[in-house]
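Each chain is listed here by its residues.
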Amino acid sequence: MITLASDFGTPYPAAMKGVILQRTDARLVDVAHDFPRQDVRAAAFWLREVLPYYPPATHLVVVDPGVGTDRDALVVRAGEHVLVGPDNGVLRPVAPRLASDGALEAYVVDETEIGSVVPASTGWTPETTDGPASNTFHGRDVFAPTAADVHETGLEDLDSLESLSPVDVEATVDCELPAATVDGDRATGEVLVVDDFGNAITNVPGSFLEGREQVDVGGETVPVGDTFAAVSVGERLVTVGSHSYVELDVNQGRGDEAFGLEVGDGVVLEGT
Amino acid sequence: MITLASDFGTPYPAAMKGVILQRTDARLVDVAHDFPRQDVRAAAFWLREVLPYYPPATHLVVVDPGVGTDRDALVVRAGEHVLVGPDNGVLRPVAPRLASDGALEAYVVDETEIGSVVPASTGWTPETTDGPASNTFHGRDVFAPTAADVHETGLEDLDSLESLSPVDVEATVDCELPAATVDGDRATGEVLVVDDFGNAITNVPGSFLEGREQVDVGGETVPVGDTFAAVSVGERLVTVGSHSYVELDVNQGRGDEAFGLEVGDGVVLEGT
Amino acid sequence: MITLASDFGTPYPAAMKGVILQRTDARLVDVAHDFPRQDVRAAAFWLREVLPYYPPATHLVVVDPGVGTDRDALVVRAGEHVLVGPDNGVLRPVAPRLASDGALEAYVVDETEIGSVVPASTGWTPETTDGPASNTFHGRDVFAPTAADVHETGLEDLDSLESLSPVDVEATVDCELPAATVDGDRATGEVLVVDDFGNAITNVPGSFLEGREQVDVGGETVPVGDTFAAVSVGERLVTVGSHSYVELDVNQGRGDEAFGLEVGDGVVLEGT
Numbered sequence: 001m002i003t004l005a006s007d008f009g010t011p012y013p014a015a016m017k018g019v020i021l022q023r024t025d026a027r028l029v030d031v032a033h034d035f036p037r038q039d040v041r042a043a044a045f046w047l048r049e050v051l052p053y054y055p056p057a058t059h060l061v062v063v064d065p066g067v068g069t070d071r072d073a074l075v076v077r078a079g080e081h082v083l084v085g086p087d088n089g090v091l092r093p094v095a096p097r098l099a100s101d102g103a104l105e106a107y108v109v110d111e112t113e114i115g116s117v118v119p120a121s122t123g124w125t126p127e128t129t130d131g132p133a134s135n136t137f138h139g140r141d142v143f144a145p146t147a148a149d150v151h152e153t154g155l156e157d158l159d160s161l162e163s164l165s166p167v168d169v170e171a172t173v174d175c176e177l178p179a180a181t182v183d184g185d186r187a188t189g190e191v192l193v194v195d196d197f198g199n200a201i202t203n204v205p206g207s208f209l210e211g212r213e214q215v216d217v218g219g220e221t222v223p224v225g226d227t228f229a230a231v232s233v234g235e236r237l238v239t240v241g242s243h244s245y246v247e248l249d250v251n252q253g254r255g256d257e258a259f260g261l262e263v264g265d266g267v268v269l270e271g272t
Numbered sequence: 001m002i003t004l005a006s007d008f009g010t011p012y013p014a015a016m017k018g019v020i021l022q023r024t025d026a027r028l029v030d031v032a033h034d035f036p037r038q039d040v041r042a043a044a045f046w047l048r049e050v051l052p053y054y055p056p057a058t059h060l061v062v063v064d065p066g067v068g069t070d071r072d073a074l075v076v077r078a079g080e081h082v083l084v085g086p087d088n089g090v091l092r093p094v095a096p097r098l099a100s101d102g103a104l105e106a107y108v109v110d111e112t113e114i115g116s117v118v119p120a121s122t123g124w125t126p127e128t129t130d131g132p133a134s135n136t137f138h139g140r141d142v143f144a145p146t147a148a149d150v151h152e153t154g155l156e157d158l159d160s161l162e163s164l165s166p167v168d169v170e171a172t173v174d175c176e177l178p179a180a181t182v183d184g185d186r187a188t189g190e191v192l193v194v195d196d197f198g199n200a201i202t203n204v205p206g207s208f209l210e211g212r213e214q215v216d217v218g219g220e221t222v223p224v225g226d227t228f229a230a231v232s233v234g235e236r237l238v239t240v241g242s243h244s245y246v247e248l249d250v251n252q253g254r255g256d257e258a259f260g261l262e263v264g265d266g267v268v269l270e271g272t
Numbered sequence: 001m002i003t004l005a006s007d008f009g010t011p012y013p014a015a016m017k018g019v020i021l022q023r024t025d026a027r028l029v030d031v032a033h034d035f036p037r038q039d040v041r042a043a044a045f046w047l048r049e050v051l052p053y054y055p056p057a058t059h060l061v062v063v064d065p066g067v068g069t070d071r072d073a074l075v076v077r078a079g080e081h082v083l084v085g086p087d088n089g090v091l092r093p094v095a096p097r098l099a100s101d102g103a104l105e106a107y108v109v110d111e112t113e114i115g116s117v118v119p120a121s122t123g124w125t126p127e128t129t130d131g132p133a134s135n136t137f138h139g140r141d142v143f144a145p146t147a148a149d150v151h152e153t154g155l156e157d158l159d160s161l162e163s164l165s166p167v168d169v170e171a172t173v174d175c176e177l178p179a180a181t182v183d184g185d186r187a188t189g190e191v192l193v194v195d196d197f198g199n200a201i202t203n204v205p206g207s208f209l210e211g212r213e214q215v216d217v218g219g220e221t222v223p224v225g226d227t228f229a230a231v232s233v234g235e236r237l238v239t240v241g242s243h244s245y246v247e248l249d250v251n252q253g254r255g256d257e258a259f260g261l262e263v264g265d266g267v268v269l270e271g272t
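Residue numbers (this note's numbering), protein chains in the order written: chain A, 1 to 272; chain B, 1 to 272; chain C, 1 to 272.
Bear in mind the hints are in silico, worked out from the structure with no lab data behind them.
Bear in mind that the values here come from a model prediction, so they are computed numbers and not experimental data.
Just so you know, not all the hints are guaranteed correct.
Rough simulated footprint, nothing fancy, chain B against chain C, three-plus residues with beta-carbon under 8 Å [claimed, not checked]: (1) 38-46; (2) 96-107.
Anything over 10 Å on all C-beta distances counts as not near chain B; from chain A, calculated [stated by the list, open to error]: (3) 50; (4) 206; (5) 236.
Quick list of the computed label-pair ranges, beta carbon to beta carbon [said to hold, decoys possible]: (6) 262/C to 120/A: 19 to 27 Å; (7) 116/A to 160/C: 33 to 41 Å; (8) 70/B to 272/A: 27 to 35 Å; (9) 116/C to 71/B: 52 to 60 Å; (10) 165/A to 220/C: 50 to 58 Å; (11) 168/B to 71/C: 49 to 57 Å; (12) 1/A to 257/C: 35 to 43 Å; (13) 179/A to 178/C: 36 to 44 Å; (14) 176/B to 179/C: 42 to 50 Å; (15) 173/B to 116/C: 28 to 36 Å; (16) 162/B to 69/C: 31 to 39 Å.
Note that CB positions come from ideal geometry on N, CA and C, so glycine has one too.
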């Protein structure tokens, strides 16, 4: 199984799938292709929250503002899972949740060993190629064929792939998601992401809300609810989301707008 | 085969897929994940129009404004199909189209019998869990594993699932789509949904247009056409959509805007 | 394998998939369902850029402003690939890239030979059907079942399908993408499409940029870069995209807005 995640919209992911399907008949599952553009931190957050619900798989991740620069292409083995994507931190936050024993192995991809991504049978080749890969679409030319090759090769034999060279995991880029500070009745954090419902997801651990019926947010008292329906339609609430963090929400509405918050904004919650 | 429909956007459906794929290798097919948010009626309409074109399958439906409240999670067997989703009416309108003999069987899901949705192999468990399911993401924690279990168990053996208890179908919530009134040359209905093209789909049966070359809509005469191309590009027309209802459309444009109509607005059509 | 491409949004593609899956258990892969509405040229461009990366497959394409008119439904065999869609030109630009020897074979689809798209097992039939197909949804009623039948029949036996009649490829509609004019240091072209990143993709061949460090665009000098990261975040650049054409881009921003360009706008590039 190969999962795919990117900020590509359409139809670029379809080109990646074509390349993969030349090399393997693995099941393909889309995680998302509308991650916030070139926002490594947001993608890292969502991958950390979604991929641990998968059975062992190869996960192809392309959120890559540095495409074409000298940033490396990485393969990271985490337990029975393998992550494939750019060395910009996006692969790191999810890895410890995929590896029961904390053991990670990393490899750098040698683009010159990947081989052609165009099927020979059609007789067509792209007009301009200055090398083994385009400078602007490594998803298609580097990461997709690597994910397919990793899947076909299998976890135990990654060392046998000509295109992979071991590298120290600690030498790869990490994307640390900021931690909130909880001090008694006061939690200071920030909005990590806003989901498609408009829920403003913070980095404050859900445990902060235990035993509280209301909290102050920006000087106003907001009820704590177990469910959206704990408040009337259109009303604000503070709740623990499915990822165990405090969310600022509106029942059947958008929390980000009602609280006036965007990704990266600071949030202070005070117990009352 | 398991189909998936929700109002989740991304990437939440991908978490549901991960949970499902831990339990089954069924084919997964997305129906839509951008149904109008928490609009049970719109989802019920689209499911009624789309699912009857499928071969026998398990259909996972999560449009669930009451998530975390005491509304039940349901499994409804309809002929060779099975529907899984919340007891809020969304599953009911499509059911008679899936069951040739009208025989439906319903079950309530016992969340405590579903088991873990996190793979044991990774060693990771979510930080905060007050019970068998989160309060805000039953798609992942209740409906997805149930759909997988139903698929694996098979139609004939649903009674053997510990998590299911039979319930009278008539005791479940129905979502009745409003009917139009046709009185000779006058049809009074409403806009049920607006599709992605901007076509305003009403509940007036297409048969009302038989033999008519034009109708009055809101005091203006509009041509009846068999095809969008029956009128010039940008012109309005009234036609019978692919679901057999009267649509108010614009050739290569948006009917909702040209007619000034939104979902739920009343529509009066008069033959001339 | 059957790929699907359309301008349908959701959930209409799901109805096509249901019809296909009644007839075949082929793998289904979505190319895109958000092509610009009824824009045959844009769809033709994207298909030409994406489908050549696929292994042999059946490609279902429905961008069909003439649905319900007397335009034909086509099947075009191109090498080991088969294209299925309306005779409006959308299938033609990609075909030569799929057929190594340039040999194409075309067939017209007889809608009366397709058979029912509703499963008999449910006992349900749509209320209004004036014939073998709706007038507004040939994707579901004509193209989807044809793609499934073509896949099941196989390349070598297309002539055996009752629903197909051979037709001269040259008698089908072509959609010629406009060519740019390159005259020494001056290239005159137009914006073919704008992708989801906002990159304005022109029809000027990438080779025009070889050896140039900057070009004049609309009177302003813009750097030529190999990668987005060749300029600072938010800055404009001219580069060769993954499809080998000149793109007008912004590093981590929208090129279309920064250059004030829309699809179809003329573009003049001058070497300096």
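Structure-based check of each hint:
Counting residues of the stretch 38-46 of chain C whose beta carbon lies closer than 8 Å to any beta carbon of chain B gives 1, which falls below the threshold of three, so the coverage claim is violated. With 0 residues carrying a beta carbon less than 8 Å from a beta carbon of chain B, the stretch 96-107 of chain C misses the three-residue requirement, and the given coverage is violated. Under the 10 Å C-beta cut-off, the non-interface status given to residue 50/A relative to chain B is violated; the minimum distance is some 5 Å. With a minimum CB-CB distance of about 5 Å to chain B, residue 206/A fails to clear the 10 Å threshold, and the non-interface call is violated.
Separation of residue 236/A from chain B is adequate, the least Cβ-Cβ distance of about 15 Å exceeding the 10 Å criterion. Judged by the Cβ atoms, the range 19 to 27 Å given for residue 262/C and residue 120/A is violated: they are separated by roughly 38 Å. For the pair residue 116/A and residue 160/C, the supplied restraint of 33 to 41 Å holds, since their beta-carbon distance comes to about 35 Å. Taken as a hint, the range 27 to 35 Å holds for the pair residue 70/B and residue 272/A, whose Cβ atoms sit roughly 28 Å apart.
The supplied range of 52 to 60 Å is broken by residue 116/C and residue 71/B, whose beta-carbon atoms lie about 37 Å from each other. A hinted range of 50 to 58 Å for the beta carbons of residue 165/A and residue 220/C is inconsistent with their spacing of about 44 Å. The hinted range of 49 to 57 Å is satisfied by residue 168/B and residue 71/C, whose Cβ atoms lie roughly 51 Å apart. For residue 1/A and residue 257/C, the hinted distance range of 35 to 43 Å is satisfied, since their beta carbons lie about 39 Å from each other.
Separation of residue 179/A from residue 178/C is about 54 Å and departs from the stated range, judged on CB atoms against 36 to 44 Å. Checked against the hint of 42 to 50 Å, the C-beta distance between residue 176/B and residue 179/C comes to roughly 57 Å, which is inconsistent with it. Range check, residue 173/B to residue 116/C: Cβ separation about 33 Å, and the 28 to 36 Å hint holds. The supplied range of 31 to 39 Å is broken by residue 162/B and residue 69/C, whose beta-carbon atoms lie about 56 Å from each other.
Of the numbered hints given earlier, the model fails hints 1, 2, 3, 4, 6, 9, 10, 13, 14 and 16; all others are met.
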